[in-house]
Amino acid sequence: MNLRVKILEKELTLSEPLGKAKQLLWANIFDSINDIWASIHVSFEQIALIK
Amino acid sequence: MLEEAVRIIQFLNSKNKYEIQELDIPDRTDTILEVKRVLAKRNLMLNLEDKYQTMQLAVDRFMTKFELLREKGLPSPLVINDKLMTQEDYNKKIIEVAREQENTSSMSGIPTGTVLYQTFENLFYLQHEVKHLFINNPTLNRQRLMRYIGKCSTSSY
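Just so you know, the protein sequences line up as chains G and X, in that order. For the first sequence, our numbering assigns the number 1 to the initial residue and increments by one for each residue that follows. For the second sequence, our numbering assigns the number 1001 to the initial residue and increments by one for each residue that follows.
All the pointers check out, no bait thrown in.
Here are the simulated lysine-lysine pairs, BS3-like style, with alpha carbons at most 30 angstroms apart: (1) G:51 / X:1065; (2) X:1092 / G:20; (3) G:51 / X:1092; (4) G:51 / X:1093.
Just so you know, these hints were derived from the structure itself, not from any lab.
Model the full structure from these sequences, guided by the hints.
Encoded structure:
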């Protein structure tokens, strides 16, 4: 029994759910960046003009 | 300077032909037109300066906010010479960074709320702040501005 618990403990890691959570957060960031990309582009044009 | 120029125009208009000749001014109309041209150029320069100040403020605000996002892990959208990369390239870069982080997910200590929050703190920050990168979305009619600058620089005295 103890051995089975130990094996389970070894196999059960948080890396997968953590990875999924990160994936979800990055997907949201990705969408937001795409939504505002036109504005970022305008800002860089302004920077180029001012320089 | 503006008041002075207006006074000069009024002064020239108030004098008759002989008084103007006495002042060694060969052509009254030409002189008035010249003063008016200087005034017009001055107004253009002031407007341009205003526009520049507004743009500079917006650019500084943007750079400050963007620098914070970069410190929290958002990849830089710049290529060589501080130019913005294409949206397609930047998307690829974000996907690359996201995959890298996804594959190296680990947690130190037991998964308490605090530990979980610390693990995702930067991403929560990015997720929230990216949406608020701009208070008002910037607009820039580059062609119109360049025409405007050209008009200022070619105005002759």
